[in-house]
Structures are given as structure tokens and as C-alpha cells.
Amino acid sequence: MIVDRLKKAAPSLLVLAAIIAVWWLAVAATESAIFPTPWQVVTGAWELAQDGTLWEHIGASLFRVGAGFGLAAIVAVPLGLWMGWVASAYRMFNPVFQMLRPISPIAWIPIAILWFGVGDVSPIFLIFISSVFPMIVQTTSGVHTIERRYLRAAANFGVSRSVLFRRVVIPAVLPEIIVGMRIGIGVAWLVVVAAEMIALRSGLGYLIMDSRNAGNRYDLVIASMIIIGLIGLLLDSGTRLLEKLKPVRWRYVR
Amino acid sequence: MSAKAIVVSGIRKSFASGKGSLPVIDDVGFSVGDGEFVAIVGPSGCGKSTLMNIVAGFERADEGSVRVGGAEQSGPSPKGIVISQHGSVFPWLTVQQNLMFGLNGDHHGDKAALADHYAAMVGLKGFEASYPHELSGGMLKRVELARAFVVKPNILYMDEPFSALDALMNLRMRNELLRILDEERHTVLLITHDVEEAIYMADRIMVLSPRPATIQATFEVDLPRPRKLSSAPAQALREAILKELGL
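Protein chains in written order, with the working numbering: chain X, 272 to 525; chain E, 98 to 344.
To be clear, the hints were calculated from the coordinates, so they are not data collected in a lab.
It is possible that part of the hints are untrue.
Just the calculated beta-carbon pair ranges, DEER-fashion [stated by the list, open to error]:
1) E/G130 - X/L516: 24 to 34 Å
2) E/S260 - X/T416: 17 to 27 Å
3) X/V434 - E/D207: 16 to 26 Å
4) X/E418 - E/P321: 40 to 50 Å
5) E/H204 - X/I273: 56 to 66 Å
6) E/S260 - X/Y523: 26 to 36 Å
7) E/G117 - X/R511: 48 to 58 Å
8) X/T416 - E/H204: 30 to 40 Å
9) E/K116 - X/I345: 29 to 39 Å
10) E/E160 - X/T416: 47 to 57 Å
With a Cα cut of at most 20 Å, we get these calculated EDC-like pairs of lysine to aspartate or glutamate [to be verified]:
11) E/K249 - E/E280
12) E/K176 - E/E133
13) X/K515 - E/E231
14) X/K517 - E/E225
15) X/K517 - E/E133
Note that beta-carbon positions come from the ideal geometry of N, C-alpha and C, so glycine has one too.
Looking at chain X on its own, in the form it has when it is part of the complex:
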């Protein structure tokens, strides 16, 4: 069993090892004074973990993503359901959201600074803006793609509107909502780093800029990048766990 899993993981581990080897050899060959070796990255990260600042930065970033994404979900899911169900609401709001959606969250940074100043609120706002639209769109299209046979069956059994909503519409859309959340949290994590690079005194994005500015600590820059990648992976697999829930499994099997 363990041998099997190792066999499956072997190719990707090999690629990873090759990247590290090439990196190491390149740094050694060019005798770069600034670009760190993989080992320097490890010791740099260890140093930060030891004095506790690494955990503060991670905590700050996660808090902002949690707040911005949470607010976005609270707004997007009911709004998406409503727009999906009520045709006039869809006609009213969809064009606006379709126009706002392709605007990069980075473009909102000046406005965020103007409205909310430099603090925790600006990045939370940016994360909200970036993750709310994909979740609205996904939820709405989830309602639109409910198979007619289920709605017909509900009509046939003469259920009330509230039962129709609770037992048919919401469970039918739930898998799409989860997909929307996966997209939303992915975008949110991308944006928190960008937002922190500009405005704040904490967070992983800040750590990257600060490490460069305070004496070209590229070992810490790269350590932060790797940590951001790993946390992003964890967030995604966290939301993927939702796909394993019994009432939504039907959508992902076969």
C-alpha cells in the first residue's frame, strides 16, 4: 500500500528534485551573490519560523482571505440563487456583473485605498470584489442548469414553494456553489498577496516586498513564494473535501 503510493508519487517527486537540482547548479555555476540556493531558502524560512514572524504573516493573510471570502459567499449565494430563479432579477443584474467581472481586482486598489485607507479593510474589500462575482455567476448558472425533469417531478407531487426551494433547488445547485467557492477561494488567495504588496505591514505579500527592500533577502522572497503556493494548495484541497459530502456526491461520481 505505502509502496504503491510511493510509486504513484515518484514521477512528480522526480520533477521536483530535478527543479531543485537545476536551481542549485545554476546558482553555483553563476556564483550569484543575491539569488539564494535551495538550502539558504530553507534556513531563511526556519529563521522566520523560529522568531514567530512567519506565523504572524500567515495568520494575517488567512484572516483577510477568510473575512473577504466569507462576506463574498454570504452575498453571492443568496444573490445567485435569486438571479437564477427570478428571470427579471437576472435581466436586471447580469449585465452589470458581467461587466464588473473581467476588471482585475488589482485595478480596484486605488479605489480601495481612497475609500478604506491603508489597513485591514482594503485587502478584505479587494478579496470580496475578486471572489464575489465568480461565485454569483456559478450559482446562477447552477440554477439555470437544474434538469427540468426534477422540477417537473416536484410540480407533480404538488409540493409548496418552500419545499421546492429547500429540497430541490438548493440541493441541485449545491455542487455548483461548491465549484464557485473553489474558484472564489483561489482568486481570493491570488489577490491577498497582490493587495498586501502595496498597502500593509503584515501578511505574506508584505513579507515578500519587505524582504527585498530590507537588504535583498531573496532567500525569504522565495521562501514566502513557496509557502504561498503550499497554502493555496491546502485551501483548494480543503474546498475539494466538500465535494466528498454525501448530498453532493452524485454530481461528481461517474
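With the hints as your guide, set chain E onto chain X.
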């Protein structure tokens, strides 16, 4: 013949198409007695499903009337449950939750016990907590039948109910359905393109013409049950119906 469960008279239906309107049903009238099993056979695309949708209340005819249980058909209701080819068992509910879905209000007593009773009747005992994606196609069909029986409908509207199943399961489900109908007298309106299925189960068979659909011929199936499709009278009836269908 006792009271009429369904009385259809003079219905017509057209659909708007690119150039004007396309007549689908042209002056169809028939009635179905209480507890009777009537099959409608017709070539594919002849408007069978549209006819059933109108009788079951999901669509309105342009002309004519549909009376169900003595009253004008005003829309879908649990008094007449549709069983269709691809089924509509909710994949996000367990078997038991699906069976309880139609039990609204408080007059049903112990809903779970009622659901389990019908689950056992169709052979789903032990699968009450399973989700549909864990079941085979035949089992899913049983869930759908049981979900209909639970609400005690007067009429079952069956639109090619078993045609998505493999041949063996199709034969088995016919027998299952007849066995349950022996216990729970329901009126059945079956739509099918399978002549043998109609002969095996129905009391009366109506043959529809190609579009626009009219009733071209009606056959009483006066054969003792359980029926043998290989018997001479069944074969003769099959020949006669196929001849009507132009085969």
C-alpha cells in the same frame, strides 16, 4: 364499465415552428375507465409524449377538454404521477427521503414507515439509506415506482417507463408492475413504442397515426393473465397492431 378516470375529447395541439404552426395532435378523444390499463402505441415523433403531457396537466391543448376524475384538468397534481423514460428520482436524497418527498402535510401518519412499506413492496428493503448513484438502473426504476405508489395516486402516467432499461430488466419490471397493480388498483395510461409491452400489460391498446396524431385503431386485449406473448392470439394481435403501424 365503472366511473371514468380520464375523459379526453377533441383535443388539438400545434407548435409554432419556423414557418407558421406545426400540428402535432389532431382531434384525439378517448376515455379510460377507473382501474383500467390503457396503452397508447405509436411511431416515434408522432406526438405521444405531447399527448401524455396534456393529459397529465403539464401542457395545455389548443382545443378540446381533458377531464380527470370528473373535473377539468387544471395542472399537475399528486393524483396522477408521471413515470418517464429517464426517471426523476432526486439524486441528492436517499431512497427513503425520495419516497417521503411527496408526503406533504400531517395526514400521512408515520411517513418513514409508509416509505419503508413501499420500499419493501418494490424490493428495495435494505436500500432505504442508499443514494441513487449507488443503485443500478433497475433499482432506480423501482424507487421511482415506489415514490409514485406512496402518494396513492389515482392514475399512473407512464411514458416509455422501461425503455431505458436493458431487455431482461425491462421484462422483469413489467411483471413487477403487474404484481403491484394487483395489490393497489391504479388506473394506468401507458405510452410506448413497444407493441409487445403493450400486449403483455394493457387491457386496451390504442394505435396513434403519424403526426399529426389521431387515434387510428383500438384493440381490446382480451387475454387471460399471466399472458404468454408466444401464444397464437397474442401473436395475431401483434400482427394486427404492427399492420396498423405500417409494418
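We went through each hint and held it up to the structure:
1. E/G130 - X/L516: 24 to 34 Å: Since the Cβ atoms of E/G130 and X/L516 sit about 48 Å apart, the hinted range of 24 to 34 Å is violated.
2. E/S260 - X/T416: 17 to 27 Å: The hint (17 to 27 Å, Cβ to Cβ) holds, given that E/S260 and X/T416 are roughly 25 Å apart.
3. X/V434 - E/D207: 16 to 26 Å: About 19 Å separates the Cβ atoms of X/V434 and E/D207, which means 16 to 26 Å holds.
4. X/E418 - E/P321: 40 to 50 Å: holds (42 Å)
5. E/H204 - X/I273: 56 to 66 Å: holds (58 Å)
6. E/S260 - X/Y523: 26 to 36 Å: Between E/S260 and X/Y523, where Cβ atoms are some 28 Å apart, the hint holds.
7. E/G117 - X/R511: 48 to 58 Å: holds (53 Å)
8. X/T416 - E/H204: 30 to 40 Å: holds (36 Å)
9. E/K116 - X/I345: 29 to 39 Å: violated (51 Å)
10. E/E160 - X/T416: 47 to 57 Å: Because 35 Å falls outside the window, the suggested range is violated.
11. E/K249 - E/E280: holds (12 Å)
12. E/K176 - E/E133: The given pair, whose Cα atoms are some 16 Å apart, holds under the 20 Å limit.
13. X/K515 - E/E231: Within the cut-off at roughly 14 Å; holds.
14. X/K517 - E/E225: holds (15 Å)
15. X/K517 - E/E133: violated (41 Å)
When each numbered hint is compared with the structure, violations occur for hints 1, 9, 10 and 15.
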